[in-house]
Structure formats: structure tokens, C-alpha cells
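Asker: Line by line, the protein sequences are chains A and B.
Quick note on numbering: the numbering used here labels position 88 of the first sequence as 91, and the sequence is numbered without any gaps.
Quick note on numbering: the numbering used here labels position 160 of the second sequence as 174, and the sequence is numbered without any gaps.
Calculated from the structure, these hints are not laboratory results.
From a predicted model like this one, the values you see are computed outputs, not experimental measurements.
Worth double-checking, as some hints may not be accurate.
[Unchecked claim] Below, a sample of chain B positions facing chain A; criterion: calculated Cβ distance under 7 Å: (1) Leu84; (2) Gln88; (3) Gly90; (4) Met115; (5) Gln119; (6) Asn121; (7) Phe123; (8) Val139.
Don't be surprised by glycine CBs; every beta carbon is placed ideally from N, CA and C.
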Amino acid sequence: MNPLLRRLRHDLFATPADGLITLALLGVIGAGASSFLRWAFSQARWAVIQANSTLFAVGRYPIDQQWRLWLLTALLAAATGITWGMLRSHPRPDRGGTLWPRNDRIAVGLLVALSLLLPWMLGLSPSVQLRWLAITAVLVLLRWLAGRFGPLLPGPFKRLLPLGLPLLYLIGMVLIGGGLGLASVSPSEWGGLLLTLLQSSFAILLCFPLGVLLALGRRSELPLLRWGSVLYIEFIRGAPLITLLFLGQNMLGFLLPGGLAPERVWRAAWVLTLFAAAYLAEAVRSGLAAVPRGQLEAARSLGMSMPQAFASVVLPQAMRVALPSMVGQFISLLQDTTLLSLIGLMELLGTARTVMANPAFLGRNAEVYFTLAVLFWCCCAALGLGSRALERRLDPAAIARSG
Amino acid sequence: MSQPSPSILSSSATPPSDVMIDARGVQKWYPNGYHALRGCDLTVNRGEVVVIMGPSGSGKSTFIRTFNALEDFQKGSITVDGITLSDDLRHIDAIRREVGMVFQQFNLFPHLTVLDNVCLAPVLVRKRSKAEVREQALALLQRVGIAEQADKYPGQLSGGQQQRVAIARALCMEPRILLFDEPTSSLDPEMVREVLEVMQNLAADAITMVVVTHEVKFARQVAHRVVLMAEGEVVEVAEPEAFFTNPSQERSRRFLDQIL
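Taking the hints into account, I'd like the entire structure generated from these sequences.
Answerer: Structure, rendered in C-alpha cells:
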């Protein structure tokens with residue numbers, strides 16, 4: 004018998020009961036898939052997405068300034084390409100690596116296909132279609148160049164290269180918001196995916212150091228610091244995010260003199276950050292608890308100071324343990340940004356609601372929500388993939404197994 | 015090693031007499047009220063190897079962990095290489111730089127390679143150049159017989175190899191004193207010997223060592239003096255031959271009956 008058939012038979016039809024279950028499930032899946040496909044290709048009117056694709060992407064960002072976002076996208080693609088290539092050209096010393104593993108070739112193929120298909124499906128103008136293709140080309144080209152020639156770069160330059168990522172974040176902020184000679188674009192004009200990614204990346208980046216400090220504070224021997232941290236963490240974890248968001252919008256205005264209260268968008272970003280920090284602190288705490296006491300003792304007995312011991316010995320190990328739950332936090336943080344629509348911000352969900360309120364697109368809710376779900380799924384899947392790659396890179400047990 | 019070492023020093027030779035550790039009347043209570051150390055005295059001279067034996071729960075590990083302030087104590091005084099242990103954190107850090115410790119559970123840093131385990135503290139604490147420390151670390155790994163494992167991670171090594179890395183890691187700080195807290199107790203029998211051999215070589219280089227162990231043969235061959243502890247007290251301090259053949263205390267005799 005054909006090995007494929009044999010395997011199918013073994014996996015799906017080993018006993019009569021297995022066979023029945025398989026058939027029943029196939030029926031359910033088939034029915035679901037066919038009705039979904041019927042909806043997607045004959046009933047759904049995707050014009051609502053095509054007509055509003057810019058709105059979903061960047062909200063009401065001024066059209067004459069949108070070149071700045073294109074530039075930022077290109078820069079992000081370049082940074083992604085360089086990082087990717089450098090990682091592949093510098094495999095860990097104990098593990099050989101090829102420059103183009105199979106998954107990377109598949110990823111590049113998917114990327115090129117998407118950059119060809121998606122702009123076309125969205126009905127974008129040929130020049131915009133070309134722009135997306137060019138951005139993908141930049142990414143793939145730099146991926147190739149960095150992989151091929153990255154190792155030849157001088158050492159100091161290579162060590163400084165990672166600093167480019169935080170720098171890029173700052174450049175991105177300037178490009179989006181203005182300053183340094185660029186016309187200012189008020190945060191109230193940011194929207195859509197742009198605002199969602201901005202809010203979540205801001206909160207993710209800042210809640211990380213805050214969460215680590217809170218976790219350390221919770222274990223501190225100074226009572227005031229310890230109780231302060233515990234109080235903060237427990238208060239934040241005991242209150243629903245939406246309450247805190249409303250509180251932030253209303254109370255900061257009272258607490259700070261008029262001019263000092265940050266703009267609405269930033270207020271929300273800070274509330275998200277402070278909220279996520281409390282949860283992150285708990286993840287980090289569980290990581291710290293997983294590091295055996297002997298590690299700190301060994302570091303201290305070698306003469307390291309407490310900060311040195313934590314920075315070089317305890318935290319790296321704690322982070323590795325905490326990483327999966329931290330990424331879980333980041334993913335829910337990304338999804339929690341949808342709550343911002345309730346305080347009137349035009350992030351993805353807020354934008355979607357204005358689109359659905361437009362009489363021209365009445366009754367097209369399913370198309371809009373489906374698109375939203377797919378967009379969020381893509382972002383979360385990217386976070387998950389990144390974290391799993393990082394986990395493998397940090398895990399000495401995996402290194403030991405492969406060695 | 016950086017210390018000038020009269021490298022052949024038989025166990026019968028009298029070690030130089032300047033005092034490296036001077037512990038007097040050390041008493042410790044755990045927070046739950048347990049009286050772990052009940053007035054322990056011990057003097058360790060430069061270049062001397064002192065082996066501490068005793069039944070489990072006798073306080074021997076606790077005692078040597080007070081020498082580098084991993085455990086605090088409530089009464090008595092400890093002076094290490096002329097520095098008096100007190101609550102002053104600068105004193106504690108100064109002492110820890112000069113006192114190396116090897117643990118029962120090795121406590122290697124699992125996220126760093128063997129070489130980085132050895133190099134980390136000298137670079138961070140002593141602010142020495144990476145290249146220079148690396149060279150010394152490789153020489154030390156050579157000396158403990160695992161230079162070829164330098165780029166592996168601790169999890170890839172056997173217990174005996176890990177403990178030898180831990181010894182190299184302690185040595186790379188160029189300590190004046192090495193404390194060993196049951197260094198072979200969690201090793202498989204066939205790995206005990208490779209670790210003891212390394213320790214024996216160190217002793218021959220006149221490094222001051224305090225060793226908590228149950229290895230009678232090691233104590234007999236290498237120690238200058240043997241200490242017996244029981245119930246948180248130092249029961250007997252004697253030269254190894256005298257201790258093992260003709261202990262002066264009844265408690266020592268009972269202990270030896272059990273282990274010999």
C-alpha cells in the first residue's frame with residue numbers, strides 16, 4: 004500500500020470508532036468551510052475594505068504628509084531585513100546554520116506573494132502597488148546583503164548596529180508626530196493600524212523596564228519599596244482596564260495643571276503602560292522565583308555587587324523563564340488597545356466603527372470585523388513567532404540537546 | 015596562578031603562620047530560633063588546608079558560609095585576611111573578592127558558556143581586560159583538565175566536569191582563600207576522584223583551603239588539620255593522623271566509628 008495511504012489509515016481510520024469521528028469531523032469542517040467560502044466570495048461586498056483601506060491603515064493622517072509614513076515603512080522593512088540577515092549570518096557558536104533555511108525561503112516567498120496580491124486585491128493604484136513591491140524588495144535585498152556580507156563588517160560597527168533599533172523608534176516618532184523641521188501632525192489625527200501599533204509598541208517597550216523594577220521592588224528588603232510595589236501591583240490588577248482608562252482621561256486633567264496634562268492619545272498610552280507593567284511584574288516575579296538561590300550566592304561569593312549579580316546572572320535566567328508569559332501579556336496588551344475605541348480614540352476598532360456608521364457601507368459589519376480579526380491575528384502571530392525564536396535562542400537546554 | 019607558590023609542600027610541613035581566618039565564639043540563630051552555631055572558634059593559617067567533618071546538621075556548612083558572609087551571625091567575631099566582618103557592606107564585598115567558594119551544587123551559571131562562567135567575575139569585579147582574563151581562564155581550564163569544553167554550556171558537562179569548572183571560576187578571581195562546601199557530595203562515585211585530584215593539586219600549591227567534606231582519604235592525605243563539628247560546636251581540632259587513629263574526644267570516636 005502507498006505509504007501516504009497507510010499513514011492516513013493509521014492516523015484517521017485505525018478503528019471503526021476513529022473512522023466515524025473522522026467522517027463526522029470532516030463533515031462539520033467541510034460544511035463550515037463551504038459556507039464561509041460562499042460568504043467570502045459571493046455574499047460579502049469587500050468594497051467597504053477597498054474604499055477605506057487608507058483609513059484602516061493610518062486613520063485621518065493628512066494626505067500631504069503621508070510620505071512620512073511610507074518612509075517609515077521602508078525604514079522598518081530595511082531594519083527587518085538587516086536584523087534578519089545578521090541573525091542568520093551569525094548563528095550561535097555551538098550550532099551550525101545555513102544562510103537560507105527552508106522556513107526563511109518560505110517566508111520570503113509568502114512576503115513577495117502578499118506584496119503582489121494584497122495591494123491588487125485592495126484595488127490600490129498601480130503606483131501604490133509598485134511602492135509596496137519596492138518596500139518588499141528593500142527588505143529581501145537587505146536580508147540577502149546582511150546575510151552575505153554582514154560578517155565582513157568591522158567588529159565595533161557590528162556591536163553598535165543593535166542600537167539602530169531604538170534609534171529607529173525615535174526617528175519613527177519624529178516622522179509620525181513631526182518636529183525637527185517636519186510639520187507637526189497632532190495625535191488626534193493618528194488612527195487605524197498606525198495608532199494601534201503605536202499604542203501597543205509604546206506600552207510594550209516601557210512596561211518592560213517598569214515591570215522589572217516593580218518585580219525587584221516586590222522582593223526588596225526595604226519595607227517601603229516592597230509595600231509600595233505590592234500595593235501598586237495589586238491595585239492595578241484588581242481594577243478593569245476600561246475603568247483605569249476612563250480614570251486616566253478624567254483624573255489626569257484634574258491632577259495636573261491644564262497645560263501639563265498630556266494629550267488624550269498619550270494619556271491613554273501611559274495608562275496602558277502602567278496597567279501592563281503590573282501584570283508584567285508578576286510574570287517577572289515568577290521568573291525570579293525560578294532562579295535557584297545558589298545562583299545569587301555564587302555570584303555574590305565571586306565578589307559581584309547586588310546590581311551586578313542581578314544584571315548578569317539572575318535576570319537573564321529569570322527573563323528566559325518569564326518570556327512565554329511576558330509575550331502572552333504583550334499579546335493581550337495588543338488586543339486590549341481595542342478598548343481605546345471606547346474612550347473615543349480612532350485605533351483599528353474605532354476606525355471600524357466610523358466606517359460602519361457610514362450610510363454608504365450599511366450592513367457591511369461582517370466584512371469589517373472579519374478584516375479586523377485577521378489584522379489582529381497577524382500582529383499577534385508575529386509576536387508569538389518572534390518570542391518562540393527568541394526562546395530557542397536563549398534556551399541552554401535546547402543548545403545542550405543540539406550540541 | 016599568580017601567587018608565588020612553593021609548589022611542593024608535603025602535608026607534614028609546617029605552614030607559614032600568619033592567620034588568614036580567625037573566628038572566635040561565633041554564634042548563630044536562625045530566624046525560627048534554631049541555635050545553629052553555639053560558639054565556634056577556628057584559626058586558619060596562610061597556606062593551610064583545614065578539613066571540617068561532622069554529621070549532617072552539625073553546622074559545618076553554616077560555619078564556613080559565615081566566612082564570606084553568605085550567612086550572618088549574631089555573636090562572636092570573624093576576621094578574614096585582616097578584615098573584620100561586620101555589617102559594613104564594603105567590608106563584605108572586600109572579603110568576598112578575596113575568598114572563593116565552591117558549592118555542593120556547583121552553581122554554575124547555566125546561561126553562560128564554560129569560558130564565560132570563568133571570565134564573568136574578574137571582568138566585572140576586578141575590571142580586568144577581557145583578553146587577559148580569557149587567557150588566564152583558558153590556562154585555568156587547562157589546569158583542571160577541561161580546556162576542550164570551554165565553549166560548551168554547563169548543562170552539557172558531567173557533574174565532575176562542572177565542579178572542576180566551578181573551581182576554575184573561583185580561582186580566576188585569584189582568591190587568597192578557597193572555601194569548599196561539600197564539593198563532592200552530589201557527584202557520582204566515579205567522578206569524585208577527578209575533583210579531589212584537582213583539589214589535591216591546589217593544596218600542593220599552598221593555597222589556603224577550608225574544606226567541608228566526608229572524604230576521609232582526602233582529609234588524611236591533604237589536610238594539615240581536621241576539625242570535627244557536632245551540634246553546632248567545634249568538638250575537636252587535630253592533625254589528621256592523630257584525629258583518625260587516636261581522637262581525643264568521645265564524640266569524635268563515635269563519629270569515626272560510623273564513617274570508617
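Asker: Next, verify each hint and record whether it holds.
Answerer: Going through the hints against the structure:
A least Cβ separation of about 6 Å between Leu84 of chain B and chain A falls short of the 7 Å threshold, and the interface hint therefore holds. Of the supplied interface hints, the one on Gln88 of chain B is violated, with its beta-carbon coming no nearer than about 18 Å to a beta-carbon of chain A, more than 7 Å. Because the closest C-beta pair between Gly90 of chain B and chain A is about 21 Å apart, greater than 7 Å, the hint is violated. This hint holds: Met115 of chain B has a C-beta 4 Å from the nearest C-beta of chain A, less than the 7 Å allowed.
This hint holds: Gln119 of chain B has a C-beta 5 Å from the nearest C-beta of chain A, less than the 7 Å allowed. For Asn121 of chain B, the interface hint holds, the least distance from its beta-carbon to any beta-carbon of chain A being 4 Å, beneath 7 Å. A distance limit of 7 Å between C-beta atoms decides the matter here; for Phe123 of chain B the minimum to chain A is near 6 Å, and the interface restraint holds. Contact between Val139 of chain B and chain A, as hinted, is supported at the beta carbon level, the nearest pair being about 4 Å apart and thus within 7 Å.
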